[in-house]
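Asks: One letter stands for each residue in the lines below.
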Amino acid sequence: MKNIKQLALGTAVAIGVGLSGAMTTVAQAEENYVPLLTYRTGPFAASGIHIANGMHDYLKMLNERDGGIGGVKLVTEECETGYNAQKGVECYEATKGKGALVYNPYSTGITLQLIPKAGVDKIPVLSMGYGLSAAAVGSTFPWVFNVPDTYWDGASVVIKYIGEQEGGLENLKGKKIGYIFLDAGYGREPIPLLEQLAEKYGYELLQYPVGIKEMQNQSSQWLNVRRDRPDYMVMWGWGAMNPTAIKEAVKIRFPMDKFIGVWWSAGDDDAAAGGEGAKGYKAMNFSGVGRDFPALDDIQKYVVDAGLSSTDAETMGGTLYNRGVLNSVIIAEGIRTAQELTGKKVITGEDMRMGLEALDLTEERLKELGLSGFAHPMKVTCEDHAGSHPVFIQEWDGKEWRQASGWIEPMTDIVRPLLEKAAAEYAEKNAPWPARTEPCPN
Amino acid sequence: MNALVTDSSMTSAEAETQVERELLLRVDNVSLSFGGVKAITDISFDIQKGEIRAIIGPNGAGKTSMLNVINGFYHPQEGTITWQGKVRRKMKPYEAASQGIARTFQNVALFKGMTTLDNIMSGRSLKMHKNFFWQLLWRGPAEQEEIEHRRKVEDIIDFLEIQAIRKTPVGRLPYGLQKRVELGRALAMEPELLLLDEPMAGMNLEEKEDMSRFILDVNQEFGTTIALIEHDMGVVMDLSDRVVVLDYGKKIADGPPEEVQANQAVIDAYLGVSH
Amino acid sequence: MFYREAGQFKTSYKADQALMPILQDRVGLIAILGVAFIVIPAFANDFFLTSIMIPFLVFSLAAIGLNVLTGFCGQLSLGTGAFMGVGAYAAYKLTTIFPDANVIVMVLLSGVFSAAIGAVFGLPSLRIKGLYLAVTTLAAQFFLEWCFIRIPWLYNNNASGAIEVPHREMFGIVVSGAEATPIVRYFIVLCITAGIAFLMANVLRGRIGRSWMMIRDMDIAAELMGIRPLQTKLMAFAVSSYICGVAGAMMVFFWLNAAEPSSYSIALSFQILFMVILGGLGSLGGSFMGAAFIWILPVFLKFIPGTLGFDVAAETVEHVTFMIVGALIIFFLIVEPHGFARLWQIGKQKLRVWPFPY
Amino acid sequence: MLYDIFIDPFVQMYEMPDFFLQVLWEGFVAGILYALIALGFVLIFKASGVFNFAQGIMVVFAGLTLVGLHENGVPAYLALILTIGVMGVLAYGVERVVMRPLVNQPDIILLMATIGLTYFLIGFGEFVFGGEPKQMITEELGLPTGSTAFEFGERGLVILQHIDIAAAVIAVIMVAALGIFFNKTRIGRALRAVADDHQAALSVGISLNQIWAIVWFAAGLVALATGIMWGARSDVSFALEIVAFKALPVLILGGFTSIPGAIVGGLIIGFGEKIGELYWGGLVGGGIESWLAYIIALIFLLFRPQGLFGERIIERV
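Just so you know, the sequences run in chain order A, B, C and D. Residue numbering for the first sequence follows our numbering, beginning at 1 and increasing consecutively. Residue numbering for the second sequence follows our numbering, beginning at 443 and increasing consecutively. Residue numbering for the third sequence follows our numbering, beginning at 718 and increasing consecutively. Residue numbering for the fourth sequence follows our numbering, beginning at 1076 and increasing consecutively.
Extracted from the complex, chain A is given alone in its bound form (with noise of 0.2 Å):
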C-alpha cells in the first residue's frame, strides 16, 4: 500500500476546483440571486424541461421588461438536479453562498434534504404544490412554503369532484377508485388522506405503485386495473410515467373521462401521448390554461422572439409551462413583497422568507401583472404555507386542455387537521426540530 501518495493528486485536483468554487463565491452587489435548480436531463426532464423554460423565461423577461423587481436586477442561475437528489443538494450547497434568495427543488426528494437546512442557513424552499405536506403548518416549517395547495388537498379535490360526478360524496359508497402513483416519497404522499377519505365515503381504494425502474413498463399495473375494474382511476405520475401511463389506459380501454391525474400529471406532451384516445383524459391544476395572457404575450416579446430563451415558442401555454411561470411570479411577488417590507432592494433570504410569509396575490394584483384568471388568488398566512386553495378540473380535448370545471375548494377540515398530526410527528421524529423564533410579519 505504499501507493497512498497518489491521495495527493485528488486532493491538489480537489483545491484547484475549491478555490474556482471560491472565486466565483464573491456576491453581486445591487443584485437579487435566484438559483433555479432544475432538470433538463434524465428520466422527468419530459417534465422538468417545461416548467424550468417557464420558471427562467418569466423572471428573465421581468429583467427587460422593468429591469428586474424594484429596480433591481435579477440574476439567475440554472443548476442541473437531473432529479438526482445527490446533484441536488450539490447544486444547494454550490449555490446558497452567492445569496441566494429561495430555492424551488422541483423534486420531493431534494426538497425533503433541503427543509431541515433552510432553518440553518436562512434561506426558504419555495415548493409549489409539492415536496412535504405537512410543511404548510408555518408554526413548525417556517422556512418551507408550499402554496398554492398540498398533496392532501389536492386529494381531497379529486374525491369531490368524482363524487360530483357520482351525484354526491354518499354515492362514493362501494365505488372502487383506483389510485396509480410513482412508487417514491411523491406518490405515497396522499395514500394516507386518501385511505381515511375512503373510510369515511366507503369507496374501495386500490393501489397500483409504479417504480421509477419500471415507469415506462406500466402493463403490469394496467393489467391489474383491468382485472380490478375500478370506477375511476387516480393518477399521481411525473416524468415519463405520465404518457406510458395515458398509452396504456387508452390501450385497456380505461374510459378517460374517468381517469384523473394530479397536476402534475397534466402536461401537454403526456396526454397527447394517447393519440385520439386519451380524449376526456382528466387533471387538476391551478395555474392557467392557454397563452392568452398579457404576461405570455410580453414573455414572447421580451424573451422569446429576442433569443434569450431556450423555449420553443409552440410549448408556451401548455401546462408545465405556466406552472413554471406561476412559479416565478411567486417568486417575484415574494421579493416584491419582501422589498415592502423591508425597505431594501437587495434583500437576503431571511427577508425572502418574510416576503414570502406575508404573499397576498389578490385578483387586482394578478391583474396588473397581465394574468387575470391564471390562477386562483393566493395568500399565505404565518401558520399556513400552502393555504388550500382552490383548483380545477381540465380536460384533454385531443389537441390541448380545456377547462372542466369551476374551482373546487379543497376539504380543508379534514386535511388540516391531518396536515397539523404530521407536522407533530416529523418533529417528534427529527427532534429535537427547531421552536419557531422567526417572527411573524403580517
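Just so you know, the hints here were simulated from the structure itself, not pulled from any lab data. Computed from a predicted model, the values in this text were never measured in an experiment. Keep in mind that a hint or two might mislead.
Claimed, not checked - Straight-line Cα separation of at most 27 Å, DSS-like style, residue types lysine-lysine; simulated pairs:
#	chain 1	residue 1	chain 2	residue 2
1	A	K379	A	K421
2	D	K1121	C	K846
3	B	K609	C	K1065
4	B	K594	C	K731
5	A	K173	A	K258
6	B	K609	C	K810
7	B	K569	C	K731
8	B	K554	C	K1067
Stated by the list, open to error - Short, incomplete list of chain D residues facing chain C, as computed with Cβ under 10 Å:
#	residue
9	V1149
10	G1360
11	W1366
Stated by the list, open to error - Simulated restraints on C-beta separations:
#	chain 1	residue 1	chain 2	residue 2	range
12	D	L1216	C	I868	43 to 49 Å
13	A	K421	D	A1151	27 to 33 Å
14	C	K727	B	I709	54 to 60 Å
15	A	L308	D	I1255	53 to 59 Å
16	B	Y690	C	L840	38 to 44 Å
17	C	N873	D	I1082	47 to 53 Å
18	A	E276	D	V1164	35 to 41 Å
19	C	I747	A	K421	51 to 57 Å
20	B	D597	C	I868	56 to 62 Å
21	C	N873	B	F575	31 to 37 Å
22	C	L840	A	A435	49 to 55 Å
23	B	K554	C	I747	48 to 54 Å
24	B	F575	D	I1082	47 to 53 Å
All C-beta atoms, glycine included, are put in the ideal place defined by N, C-alpha and C.
Go by the hints and put chains B, C and D onto chain A.
Replies: Relative to the frame of chain A, chains B, C and D by itself:
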C-alpha cells in the same frame, strides 16, 4: 495402521532396497468418467512413504485426472482411496490439502497478481491461524505469526535459489522460474505427499537438471513422498523408485523403472501399436 | 532523484513487511494526512467541504469496500449501491430505536447488518463466477431497493418514504442533522475513512488478504492449497459489505441528511464500480484516486464554462459532462487498464531511475 | 396464507381465462422485447467475447436518432435509412476506438469500456437530440397502431395491439434473417469461425476487425428494431435504459452465446414476470416485477450454471 507391512526384523538398509515401506496412499479400483467418457478405468496402485513414484503414459492416458482424484478435485464414481490407513469418502480439495497433500500443476497455476514471496507465503495459509481481529490490528500476534512464517518461507527461497526474485510479481517471471516458485509454494505447505504434474514440461536441459536436483533434495532432505507425472523418460528413470504406466485410462504396468522399461505393453503404448 | 530507496536497508523481516517500507512514501503519507487534517479544515469553505471532500471520502470508503470484493477477491458485484443502502437504513433504524446512543457507534454498527445481508447474497458465489455472479448481485440490488420502498418499517412509516437524519450530539457538538457544521462532519468522515482504510491495509497484507487474492488469481489452486472457497468468499462479501454499509450510512448521516430509496440505486453501484476500475483493481490507494476522479471531475466540469466566461445552458454542461466522463473512462481503460494505481507506480519507477532511464 | 400462495392464483386463472390469456399475451410481448435486446448482446458476445453493456443505450440511441431526424424535417423512411447509416458509423467507430485498442484485455475491462460507451452515448444523444422523451413515429413508418379485441365467453375480452403483433412478426423475421446470414453467407461462416476461436480464425485469413465492425452493426440494426418497437409501446427516452438490464437474466437463462437461447430466455422471463406479478405480486404489495426476473435467473443458475443451452462445464487444472 493396517497397511503397515514393514518387517521389523529387517534392517533399515534392507528395507530401503526392498522398497518395503509404510503405505501412504492406496488407490483401489478407481473409475472416473465425464458424461459417458471414461477417463480412468479400474485403476489400483499405491504410494509408499518416502518414495518417488512416477506416473507415466501417453497424452490423454488419464494421468492428470488421476492426480485430481487423489487430491479431491474430481470424485471417482467407483473405487476407494485409502490415505494413511483411512478409507476416504468424498473429499473436498481443501480437506486433502489440510491432510498434507500438496501439488503443482501442468500449466503453471501461480497466483499471477502476487509476488514470489506472497505466492510462497500462501502455501503457509493452513498453518496460520490468527483471526480477523488480530489481522485488523496487525501489531502484535498477527505480525509475529507473519514473521515466524516468513522465516520458513525464506528457507525455501534459499533452498530453491530464488532470492533475487522475491519481490517480483510472478506474472513477469520466465516459465522455468515460475515452475520453481510453484514448487516452492507446494513445499511451503510441508506436505506428506507432493504431487508434481509435469514439473519439467517445457524446460531446457539445464533447467531440467536443476529441477531434478530440487526434487531429489526435497525427497531426501525433507523426506517428502513425491508422486510425479513426467514425459521425459530419462528423468523418470533416474528419479523414480517405482513407476506406474497408464494408457487410455487403464493401468498397463507397475514396478521399478527397469522392469517397466522392458515391459512390452508399455513399449506398444508409446509406439502406438493398435489395440 | 528524490525518490531513491538506495541506502535504505532492512535489517529485519518486520521492517521489510511494513506497510510502507520506503521512507519517501511514509513522508508522503504524513504530508497527505497533514493536508487532510490541518490544511483543508483551516482553509476550505463550506462548499468545498460538503460538496467535494465529504462525498469524496464517503465514495472512497465505498470504493475500498467494493475493491475488497472485486479487486482483491475477484468477485464482480453490481450491488454496491444496495449494500450501502442497507447500512444507511440500518443506521437510521438503530439511531431512532436508541436515540441516546452515540451516532458514530451506530453508523459503525450499521455495517454489521449490511455484512450479514452481503454474506447471504454472496452464497451463490460458490457456484457462480464472473458475469453470472454480477447478475446475482443485480438481484440483490433490485430486491433490496424494492425492500427500501415496500417495507415502511424501515423508514419509520414516514409519509415521505425517505429517511431523514435526526439531530444528534456528541460531547456537546452537533454531529448529525442540519445544524452539524461541515467541518465537524468532515472530521468524522475523514477519521472513519482513514481508520477503516488503515485497518484494511493490515488485513490485506496478512493471511486473510492473501487468501482473498489466492481465490481471485486462481480459485482452483487456492482450494488445492487448503483455502475453503465458500468461507473465504463469504468473508470477502461480509467485509466488503460492512465497509460499503458504513459508507452508505455516512452518506446519509454526514453528507445528504436525507435519503430516498433511489439514492441507493443501480446508478450508485456503477459509480462506485467506475471508481474501483479506474483507480485500479486491488489497490487501496487507487480507490481514493478513482473516487477523486469520478466525483470531482463532473463538479469541475460544471465550473469550467462559468470561469471561462461562457454562458452555457446547465443541461448542455450536463450532457457534455456525460460525454466527457464516458470518453475518459474508455480512454483510461485503453491507456492503462490497471488504473491510476498502476500509472502511479510507473511514475514512481520512472522517478526512481531518473535521470538515467536505461 | 398457503391458500393464497398455492391455490388461489390457479383458481383465478381458471375463473378468468380471458384475463389469463391477456396476461400471457402481455408476457409474450414483453418477452419478445427482452429477447430482442438479449439478441443484440449475444451477437456481440459471440463474435468478440465482449459483454456489451451499451446494447440497452444503443436501443434508445437508435430510436432517438430516428425520431430526432424526423423532427428535423427528414421524411420517415429517409430517416430510417439515415439511422441505419448512423448505426453503421457507430459500429465502425466503436470497433476503431474501443474494441481494437482493448483487444485481449480481461472481460471486466471490456465490460467497463462498454459502460463508458453507455455514458458517452447518453451524453451524446441528449446533446444532439435533447433530453426529453419523444414519441415514436409509428404511423409515419407505416406500422399499425390500432388494436383488435376478441370477445371471449360472456364478458371476457382479449385485446391485442397491432403494434405488438408487428413486433412479434418482426422479431421472428429478424431471427430468421440472422439465422440465414450466419449459416448461408461467407461472412456468416467467418463470424462463426471467429466465435469458435479467434486465433484459428485469424490464421485462416479472417479479419477480426472487419467481423467486429459487422457484428456491432448487426447489433445496431437489432437495436434499431427494438427501439422502434419499444418506442411505440412507450416513449423513446433514456429511462428505457433500465429496462435493458432485464436482458441480463434473459442471457443467464439462454446462455451468452445462443440466439435461440436469447429468444427462449426472453419468453421465459416475460411470461414468468407477468404471471408472477399479476397472480402472486399482490401478496407482498406488488412491484415484484422489478426483481423477479433476477431471482428466477439466480435460482436457475444454482441448479444449472451453464444456462439452458450451454454445455456442462468440466473444470480442468
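Asks: Look at each hint and say if it fits the structure.
Replies: Now the hints, each set against the structure:
1. A:K379 x A:K421: Given that 27 Å is the threshold and the Cα spacing comes to 22 Å, the pair holds.
2. D:K1121 x C:K846: holds, 19 Å
3. B:K609 x C:K1065: holds, 16 Å
4. B:K594 x C:K731: OK: K594 of chain B and K731 of chain C at ~14 Å, within 27 Å.
5. A:K173 x A:K258: holds, 17 Å
6. B:K609 x C:K810: Given pair K609 of chain B, K810 of chain C is violated - Cα atoms ~48 Å apart, limit 27 Å.
7. B:K569 x C:K731: OK: K569 of chain B and K731 of chain C at ~19 Å, within 27 Å.
8. B:K554 x C:K1067: holds, 23 Å
9. V1149: violated, 22 Å
10. G1360: Interface hint status for G1360 of chain D: holds (5 Å vs cutoff 10 Å).
11. W1366: holds, 4 Å
12. D:L1216 x C:I868: 43 to 49 Å: holds, 45 Å
13. A:K421 x D:A1151: 27 to 33 Å: violated, 56 Å
14. C:K727 x B:I709: 54 to 60 Å: holds, 57 Å
15. A:L308 x D:I1255: 53 to 59 Å: holds, 57 Å
16. B:Y690 x C:L840: 38 to 44 Å: Since Y690 of chain B and L840 of chain C have Cβ atoms about 40 Å apart, the given range 38 to 44 Å holds.
17. C:N873 x D:I1082: 47 to 53 Å: violated, 36 Å
18. A:E276 x D:V1164: 35 to 41 Å: holds, 37 Å
19. C:I747 x A:K421: 51 to 57 Å: holds, 56 Å
20. B:D597 x C:I868: 56 to 62 Å: holds, 57 Å
21. C:N873 x B:F575: 31 to 37 Å: holds, 34 Å
22. C:L840 x A:A435: 49 to 55 Å: About 50 Å separates the Cβ atoms of L840 of chain C and A435 of chain A, which means 49 to 55 Å holds.
23. B:K554 x C:I747: 48 to 54 Å: violated, 33 Å
24. B:F575 x D:I1082: 47 to 53 Å: Hint holds: Cβ distance 51 Å, inside 47 to 53 Å.
Hints 6, 9, 13, 17 and 23, counting from the list given before, are not met by this structure.
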